[in-house]
Amino acid sequence: MSYMPSMPADAVIADLNKFDQRSGTIAERLLFNNRLVIVAICLLTTLLLGYQALGLSLNAAYEKMIPTGHPYIVNFLENRKQLAGMGNTLRIAVEAKDGNIFDTEYLDTVRKLSDEVFLIPGVDRPYMKSLWAPAVRWTGVTEDGLDGGPVIPDDYDGSPQSIEQVRINVERSGEIGQLVAANYKSSIILVPLQEKIAETGQRIDYHALSQRIEQLRAKYESDKVAIHVTGFAKVVGDLIDGLMQVLVFFAAAIAICTAVLFWYTRCLRSTLLVVLCSMIAVVWLLGLLPTLGYELDPYSILVPFLVFAIGMSHGAQKMNGIMQDMGRGTHRLVAARYTFRRLFLAGMTALLADAVGFAVLMVIDIQVIQDLAVTASIGVAVLIFTNLVLLPILLSYTGVSPVAAQRSLKAELQEANDVAHKKHPFWAFLDLFTRRRWATIAVVLGLVLGVFGLTVSFQLKIGDTDPGAPELRADSRYNRDNAFMVSNYAASSDVFIVMVKTPQYACAHYSTLRAVDALDRELQQLPGVETTSSLAGLAKIANSGMNEGSLKWFEMPRSQEMLNAIITRAPREMFNQNCDLLTVYAYLKDHKADTLTSVVNTVEAFAAKYGTDNIRILNAAGNAGVEAATNIVVKKANTQMLFLVYAAVIALAFITFRSWRAVVCAVVPLMITSVLCEALMVWLNIGVKVATLPVIALGVGIGVDYALYVMTVTMAHLKVGMTLSEAYYRALIFTGKVVVLTGITLGIAVATWAWSPIKFQADMGILLAFMFVWNMLGALILLPALAHFLFRQQPVVARG
Amino acid sequence: MSAHNSLLRHPLLAAAIIAVVCWSGVALAENKQSVPDLLDLPALESRRAQQSLQLAVGRAGERLVAVGERGIVQLSDDGGHTWRQAKHVPVSVALTDVHFVSASHGWAVGHSGVVLHSADGGETWLRQLDGNQAAQIILKDARQRVASGGAGADNAVRSAEYLVKDGPDKPFLDVTFQSENHGYVVGAYGLALETRDGGKSWQSLVSNIPNPRGKHLYQVQIKDQQLLICGEQGALFRSMDGGSSFVEMTTPYSGTFFGALNLDGQGLLAFGLRGNAWRSLDDGASWQKAEVGQPVTLSAGLRLHDGSVLLADESGRLLRSTDNAQSFTTLPVQPGTGITGIVESADGALILSSAHGMARIEPDAIDLGVKP
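Residue numbers (my numbering), protein chains in the order written: chain A, 1 to 800; chain B, 1001 to 1372.
Mixed in with the good hints there might be a few duds.
[What the hints assert, rightly or not] Here are the simulated lysine-lysine pairs, DSBU-like style, with alpha carbons at most 35 Å apart: (1) B:Lys-1087 <-> A:Lys-589; (2) B:Lys-1087 <-> A:Lys-609; (3) B:Lys-1223 <-> B:Lys-1087; (4) A:Lys-64 <-> A:Lys-18; (5) A:Lys-589 <-> A:Lys-609; (6) A:Lys-609 <-> B:Lys-1165; (7) A:Lys-64 <-> A:Lys-636; (8) B:Lys-1200 <-> B:Lys-1289.
Keep in mind the hints are simulated off the structure, nothing from the lab.
The shape of chain B in the complex, shown without the other chains (with noise of 0.2 Å):
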């Protein structure tokens, strides 16, 4: 009879569920275990990659690489019109920048002091580098300057013990590379580290900066042998020696330079907190402010090709120069807000990674900008 059927069902199938679901309890229950640790968690394929927050975004060739909260790097190879992510990555920190010197090789950095290099574009990874590791090169490069003598060394062995004391807990908040061996990462409390052999090893330049309460450092630009960090409280450290030797730059300024450009000739132009950009063209002897209109956070900048300069702000508005930033104008454009880095396509149109994902903008909606 059918109608027996309408009562076996129920009965058959909540047997068969209840079986499947004592079966994996019993199996789950063996495989109890802690949550993983974030550096030993492998980046989730994330159905929310698209929407998730893209803290830097930079080019591998024709490529785009951005990476962000979670571990998620995504990649494109059609100028940022679509995104998918990469096939591998170890960790599953936020990762706040990435800097690609090839088609292949390149670096991300991120939290819990990570440094992960890929050799294929960006589709895989390998982790170079954690914050304890990074905390004992720097307890080492400490003690062997106490061994040698160096001033105030003492000092920097102890704070180096507590860095290595608190753990993985600091994040390098920037990342560049001059060649495939070359680079330099830097990030909070002073974190600053040099690689000569492609990151396979790292020395620390923590006491070559001047920076004994340890502001956070969230630039760092290479300009031949001329390096320039820019951090908390108005810092601007520069180095004409490659790094051997830093000194602090006085600036008008003191909220922290989320970031610094070099404009034409000996310019300058740091950019931060609460709209202020401060530009030198004396190479930091003197500043003047660039008018941004608006008190908001400056958040990311760009020298474009044309050599015009873009900056972004929190509230996701784009500004450009083309007088060397002295002045700069709102671009028509609403690309959303929180925005976090910038790159030129090969195509010639800005990529954005921001709060809510990756944006782009076509080249002709930057020129009608300052059309006057």
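Chain A with its partners taken away, still in its complex shape (with noise of 0.2 Å):
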């Protein structure tokens, strides 16, 4: 909407003094009488946010990432403070690179290692485990009974007698396969993780706790020990670590962007001004987000280069409009008010539009994306400040180059007196969509194209496919450190956690733990499901001890007081304090959808028949229950947007055209993209996840600019009599330029992306990249097309 229906030929005033000072509405007078006053507040505001963007800090808080409000995660957060920090626990292996784990050396680095992780603040540190914690026991059958005591003996010297001992005590740990690797090549240093620092009340600066491990890797790694980390808190520690090279992005789309403009202008010093003017903006946000209380996570970080993109093409047609104006011979000040005049409206409810796209994601119960949203409605508002106010003005005293000037009137004048369509044949090309032959073959190309994406897009996935942290790239240090753990370690780093709440001191009732013990049966039943633990589980083995280790006796014992004495030596994480709490924890091969939803669908079946008042059996805890949760939310969330998304953009596209026939031009051709992007991410096996939520609606949001541009203008001249053909090709003339460029700039923006080390960052520029293209070609192709097929039969005369 760059461009209103019908431009009013402005007089051309050469001299500002002819040029009367009191035209044009109150806006346009108090910004343009009081230049000076405008440019310094800006100036000011900019020092003063350009300061309090120093105070921006990335983070990704657990909590963020996760919705918060959907009945697994109330019922996660509810306990959380009773799974003993099961949400969020860091994993660190040391490895023997040559020899085994029964080595002087090796246990002193271990030691050594957990002694400085314990004292990094926000470890949960009575939950942590190693060899060296008094909490990881052996016990063994004897004669008299139970033995048991600590792995490494209280009396350990580091003598060969002692390395034998903690050999034996290993071996009768039960930790082989949890804390210690089957082939005593490594073993694990288990670090939960508190969500706010318990000394502080702060929230743990993941960032500032990978920067940590990664000293104590390289403290402690040498040739002899090799270190892996895994857990929730290195990942997003990782993932801020990439976001520092996304700058170097950034600074490829500003520098890519701004060769675009001035190849399109040929003009250095608006080039350079609109390009100020886009980066004053993106100042303004990152200052504007730590002073409301905002942070950058790896998500809304996309949001600078996106509120960049939209700052340059909204300042190119201010600075077309200027340029035109000013090569007609006019004066730089009245053409900046002339454009001003037209312009402002316009690009205010196209960056409305825009806004519409990002507000529709706060319907998102996931805070990550709801900040996403605000970040970019941020960006955008204080776009209207800097690109539609700020960038006029400064235009107005710096005006652009004579040549480019006159060099610009050139070609509008040669355009539109071309009615021929001889001299461009890009526009004369794109012109014969309107016409039968190829508007047919564009519509059938377009069905075809919509037919093949529906198909393919049936197979789109839910959640992540990829093993490991699918965040980061496959060869990443994360990523290959995840796989040694489960190559090494019998617990799958996929882990569900189902919550049985009973009444106080009920939870090692008999009758509950054969409750547990028959959820424990089913969930193994699962193809997905590796293995489970449970007090159940651990009864059984716990009777088999009790008697001598007899695997006859692997039994759950019917008696209390049999029960009763298991509980106290059972572990923790089993049960909480109250003992009102049990975990069921599932083990599971992959955390791909339909592993998670057969296990969400076990719980729930079960919950259903057999959950009473009194043993309450609920989804989900474990990063594979969150992350369970998740794909619901998002799976709704993905339906609910395009629905919110696309009934957003037909009603602006109605209120716009007041035409049936105009919206369906406009937004036929969006949906046909928005089909074609999922199948894209079924093709790159991309699934539907929390980054990909954000891209259909930004890339329809801003895709409906485009047709908005083309379809105003074709209307309006539609309206005067025109033919179709005459109408799209003056439109083409008027906002084809900015269309491409609006569409390459944007495009070039996100695709920079790819090269993110942040896979879902990457697979966001590419899906972005794509939309915006062929939306972009959608309005200048299928939307002619369409409109042959339903303006042809009934041209529009004008009223009145």
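Join the two chains, each given in its own frame, into one complex according to the hints.
Structure representation (structure tokens):
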């Protein structure tokens, strides 16, 4: 909507004294009659917000990335204090490269490392485990009953005898596959984390934590010892590291966009001004975020790119307008005012349309997405000031290069007079799509693509499909570490936790444990579940242990005294202090959506069948449980969001055009692009996840701009009685260049993310670039073709 | 328009899912129930049966029958190469032992005082006894003895009353049958019963065994009229009259014997906790310790068809003696940890039940082990 349907031919005023300063709207007079004040205010604001921006922090809190409103997560959060921090645990594997863990030097390294880790703020120390932790014990059977002690004996002195004792203790500790690899070549330091640092009440700074871990890694890794670290906190730490590299892409995006703009205008000073204003918008945004209490996270970091690119395209339009007026000979200040008059409202509407796309994201009950929506809205709001107000004012001082202005005017005149479409093969080519033959081809092709995309998109997966941390690339250090963990330790990295609530002190009742055992059995039947562990399973092991290790006793004792005796020795991750909460762990093969769904459904069905007030079976904690809930929310949100974004876009298009035919022409190409985008996701093996949710909303929200630009002008010309071909050609001359320019700048800005070390940013970049470019093509090709069929029989006659 | 479908399919799907969920939610809510007792819950056809804990293995003719956790019974008709689950087992308790007297008739025992019978080679099973019934039988027997004025019968009644009160919380640990009619079961806290009608009715042997502290009885062996029961704290009880009376033999070890084997002549081998294997060649008058190398619990033993003696320990070692249990050699096989039972298949292979399922050891691997 950068060009209003009928542009009033403003008088050419070369002499500023002949210009009526009192003309124009109040806003225009207020702004342009106090130009210096405005510039000063903007300068001051920029300095102030620039200073504020220094305080901007990068973070990604666990709770922000999960759907806190989903019942499963509510269950999890209600009970998380009792769950021994299972949602957020670091695992540090110390690997003996040659030899094995039964080595003085190795054990010493583990001790020093775990001592240092113990001191890191935010570590949930009572639950920390390693070979050296007193809570890690062995038990053995003697003629007199049970015997036990810490795995590393109190009198350990590093002598060969001590080492041999450690080996024996490890063998009977039951930690093989848990804390100690079955090949005895590595052991784990298990580090549960608090959500808030207990001493200070502050949230954990994952980046600092990750850096601290990296320091420790550098300190203790040697040719004898390798260190592998996995866990959510490390993922986030690595993500934030990856974000630092995003700055490089930002620089690249600026450089490329500037080059494109300069190629388009051939005017250095105004190009630089547009870049400057877009940069100012980014600075304001970055300054406003900490001021309003927001942080940048791996998702919202992408907003500055978008804001910059949108700023560039709007700036280009302002510049274009001023250039044309100046080319006609108008004074630069008057030209700026004319442009402001013509374009302020249109630009604002376009920006508001973008904001609609962002605002739709607010319905998703995941805070990072909501933050993204807020951040993007702030960014767009800022653009209204910087690129719709400040830019024209600055241009009114600098003007544009006279050569560029002449060139612009010449081109415009040429194009406008060239009704025979001879000189501009590209526009002439696009115009072909208003004719029957090409229109048919385009519509049929669109239809074929749509059907094809739709067919493929049925295979669209929900959630993550790759092993390890899908946020990071498969060959990243983190995912290599994760592969090490998975291959060396029995417990998989995908843990699904079912919570079983009972009345106080009833957690070890036989009836409770019977239910848990039955649930265990059903979960074990699922192909996606590798193994389970629960107090019921533990009771069987313990029963066997209390009977001299005889496996014939591997059954849950019915005797309550026996169960009570067992629970006093049971590890605390199985039940809570009050004995009213049991945790059932299911270790999964992977975190594919099907696997998670099978577990969720099994638990739900079991709860529906056997759950009572005394035994409440609740989904879900553990990383897999949280992911299952996230998948459910994401799946629902994806549908919801498609509806809302299209409802909004259709409403907006209808308000603008007042014609359902025009709405169809504008929206159908967007829909085909959306469907193709889903097909692309299938092809690239990208599942619907938190990171891809914003893509379609942003793609459609920004993408509709193109159609609005083109359709508005076309409709205006149709109304004055032109044929569709003429009207569309006029629209192309007025807006075609800007549409192409916008598509290219936006596409380039987001395409640079494809090189991000963060997998989902690369995914978003590819998908958004695809959407921006295809939406542009849709607006230029499919829109006229559809218009050919919808408007052909009923040429709109000018009313009044 | 094709693109409209992309919008429509989601809500339609969602509506269908919601409908199904609501419907099944309603249906399930109506069926609210408590988790069935393991005694009433038929064993599940388990996806993990092959990897599940198996506690004993026996032979029904050519067929191999293994029993284990969660009422899982597995059958093999190809000498232990492949296993399938039995068609019907009426309980889900852990089954601890199995014994067949023919290709068709066999018994399995387990937790909750369960005795199961199969008349079709282990395909289907019927419950003959549970812990509640067993306790009642033992109480009835104790009361009869009071009536007939037996010594110490009052104490027996008192402990039998506790048995009844405790409910079915004690496992049977071993079963042995002499014929299709006559057999014995023993178990935790001194449980011991006899049947002479194929399990239709059971008689208590508890009062016949001098086991006042109710030590666990891990195994019962029959040789003609001679019964040998071993158990906790070095317990070894012998009856020369088919179970009417038992004497406690003096043993040199105070830890648990998990099993005993008859050797040539009057020889006996009792084995158990922490690598203890004791041999007596003079009917228990004197004992020698057999050297097995490591202090790891010996959990299963078998006399092979050639007369050699095999022992297995919890760490997964297999030991063989060809000199009437005087000395043992470790076999060069690694069947996995937690061996719980051994039987010879029809083709001479060793079939092991273990914590990780079943294993087959080829006959030539065994011969290899004893070559010098």
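Hint check results:
Taking the CA atoms of B:Lys-1087 and A:Lys-589, the gap is about 29 Å. The hint holds against a cut of 35 Å. Proposed proximity of B:Lys-1087 and A:Lys-609 is supported: the alpha carbons are some 25 Å apart, at most 35 Å. Restraint check: the Cα-Cα separation between B:Lys-1223 and B:Lys-1087 comes to about 33 Å, which is no more than 35 Å; the hinted pair holds. Between A:Lys-64 and A:Lys-18 the alpha-carbon distance is near 58 Å, which puts this suggested pair outside the 35 Å criterion.
The suggested pairing of A:Lys-589 with A:Lys-609 holds, with an alpha-carbon distance near 26 Å, which does not exceed 35 Å. Between A:Lys-609 and B:Lys-1165, the direct Cα distance comes to roughly 30 Å. Compliance with the 35 Å bound is thereby established for this hinted pair. Taking the CA atoms of A:Lys-64 and A:Lys-636, the gap is about 18 Å. The hint holds against a cut of 35 Å. Between B:Lys-1200 and B:Lys-1289 the CA atoms are separated by roughly 42 Å; this puts the pair beyond 35 Å, and the hint is violated.
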